[in-house]
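Student: What follows is the residue order along each chain.
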Amino acid sequence: MTSFAWAMMLIVTVHALVFHAMPRFSRPDILFAVTVPDAFVRGAGRALVSRYRLIVWSGAAAALAIGLLLPASWFSADRVGFVMMSVMAGNMLVAASAWLWAHRRARAHAVPHADTRVASLVPRDTSLPGGALFAGGPFVILVATTMVVWMHWDQFPPRPRPLGPFGPLAMGAVYVMMMLTLAMSLARRTRQISTDGLAAAAEQRFLRVNVFVLVLAGYGTAIMLSTAALEAIPSFAGMSSKIWLAMLPIMLFNFGVAVWMLRVGQGGQRTIAPAGREIRGDATPDRAWKAGGLFYFNPKDPAIWVEKRVGFGYTLNMGNVGAWVLISMMLVPVFAARLFF
Amino acid sequence: MAGALRVAINLNSPIPAYRQIASDLRRHLVEERLKPGDRLPPIRQLALDLGVHFNTVALAYRLLADEGWLELKRRRGAAVMARNAPRAVDHRHIDHLLQQLGHIAAELRSAGMTARQISSALRRIAQGARP
Numbered sequence: 001m002t003s004f005a006w007a008m009m010l011i012v013t014v015h016a017l018v019f020h021a022m023p024r025f026s027r028p029d030i031l032f033a034v035t036v037p038d039a040f041v042r043g044a045g046r047a048l049v050s051r052y053r054l055i056v057w058s059g060a061a062a063a064l065a066i067g068l069l070l071p072a073s074w075f076s077a078d079r080v081g082f083v084m085m086s087v088m089a090g091n092m093l094v095a096a097s098a099w100l101w102a103h104r105r106a107r108a109h110a111v112p113h114a115d116t117r118v119a120s121l122v123p124r125d126t127s128l129p130g131g132a133l134f135a136g137g138p139f140v141i142l143v144a145t146t147m148v149v150w151m152h153w154d155q156f157p158p159r160p161r162p163l164g165p166f167g168p169l170a171m172g173a174v175y176v177m178m179m180l181t182l183a184m185s186l187a188r189r190t191r192q193i194s195t196d197g198l199a200a201a202a203e204q205r206f207l208r209v210n211v212f213v214l215v216l217a218g219y220g221t222a223i224m225l226s227t228a229a230l231e232a233i234p235s236f237a238g239m240s241s242k243i244w245l246a247m248l249p250i251m252l253f254n255f256g257v258a259v260w261m262l263r264v265g266q267g268g269q270r271t272i273a274p275a276g277r278e279i280r281g282d283a284t285p286d287r288a289w290k291a292g293g294l295f296y297f298n299p300k301d302p303a304i305w306v307e308k309r310v311g312f313g314y315t316l317n318m319g320n321v322g323a324w325v326l327i328s329m330m331l332v333p334v335f336a337a338r339l340f341f
Numbered sequence: 342m343a344g345a346l347r348v349a350i351n352l353n354s355p356i357p358a359y360r361q362i363a364s365d366l367r368r369h370l371v372e373e374r375l376k377p378g379d380r381l382p383p384i385r386q387l388a389l390d391l392g393v394h395f396n397t398v399a400l401a402y403r404l405l406a407d408e409g410w411l412e413l414k415r416r417r418g419a420a421v422m423a424r425n426a427p428r429a430v431d432h433r434h435i436d437h438l439l440q441q442l443g444h445i446a447a448e449l450r451s452a453g454m455t456a457r458q459i460s461s462a463l464r465r466i467a468q469g470a471r472p
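First to last, the sequence lines map onto chains A and B.
Residue 131 in our numbering sits at position 131 of the first sequence, and the numbers go up by one each step.
In our numbering, each number is its position in the second sequence, counted from 1, plus 341.
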């Protein structure tokens, strides 16, 4: 078997593992992106999950069999890309169809959306973790690098790019600004679902960690692009080989957050007993979730961010103008890259 | 500020959402669960949590500010005010509320409650109990 076949088999297995775990990537009373009663989760829901997983693994087994049975000549350089993409797309299609099938089945058991809405009267912390000083750290890194580049200006060869070494730094500033805007909007424009008690505390902790990850992403970007700018200075050559020293703590933290999220579940609610969760689901109507629970579209909802129903963390309310402003802002670095590089 | 302070609205109720919010808040204020100096969530935050328009919450806060319960501060949300001096009695407003109470009492009689039961329920409510 060729190395391409091994790579394909690895990707197919990882896909299947992700789809296998996906029913657990939502609040405990949401199954296949549908708000369901506890009795269903503990009873018929389990059988539904088993059947869904059977379809997912059957699709993966078929993809793996194709990878094993195809002759080595099929993995020649001119067609390997096409073969791998076809097999993986087929596998994804089977898994996605299984999800949609299970989603439709679960909808028959959906809990009607409550007409009563409850909110806490206790103001909550919507500031950035670490305060403005910590949030401004990535800009300090970029400004310090700019000064170093400026001091070594005489060592630079004629500029091959429009802004020379300042291009990556300008790009970094745009990217960090975007990450901080996302972090601020997530902290301020997300609905608090639980009103009080352990469930509310767990939910608030979960949100703050997500906001912190966004702020840290700004640090990671500033470090990477500063390194790219410094690499152009002869006396700093070879610096990129040591970048991992600075990135390692951030990567370890992100890995730790991923493991923690798997343990506590979406919104931190998996650790709370059903009796402690006063509100069923995530307080969003099932009918506003499109494409099997992938997208949220609710023009009547003032929240810009809502908890994801497929995966951990938060997603944008596509029915809110503010969400489209954020999406447009996310495209800015793409255009900025063409300008700065 | 004590925990478990909440406001609830029913979307199917014929009572406008801003009045439901104001009623819940007023109850907390009258029962002194919200004390002078306590801060309330910013308008946008409460509107977000209830899933209503910002103006709905702003209207409820404004209503209570007009009654002398809240002090509204630009960009700093609302704070509970100390009501040291008793407010001047607004006879017209009180007459209007008593008239409404009369209608409700008639509806309760019509629904099968006796005058004694209504009177006892009213006394409990006046003393701070939930209906």
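To be clear, the hints were calculated from the coordinates, so they are not data collected in a lab.
There may be inaccurate statements among the hints.
Examples of chain A residues lying across from chain B (beta carbon under 8 Å, computed) [unchecked claim]:
{"hint": "1", "residue": "Ala47"}
{"hint": "2", "residue": "Ser50"}
{"hint": "3", "residue": "Thr116"}
{"hint": "4", "residue": "Ala119"}
{"hint": "5", "residue": "Asp125"}
{"hint": "6", "residue": "Ser127"}
{"hint": "7", "residue": "Arg189"}
{"hint": "8", "residue": "Asp196"}
{"hint": "9", "residue": "Glu231"}
{"hint": "10", "residue": "Ser235"}
{"hint": "11", "residue": "Leu248"}
{"hint": "12", "residue": "Arg280"}
{"hint": "13", "residue": "Pro302"}
{"hint": "14", "residue": "Ala303"}
Ideal Cβ placement from N, Cα and C applies to all residues, glycine included.
Student: What hint numbers does the structure not satisfy?
Tutor: 1, 2, 5, 6, 9, 10, 11, 12
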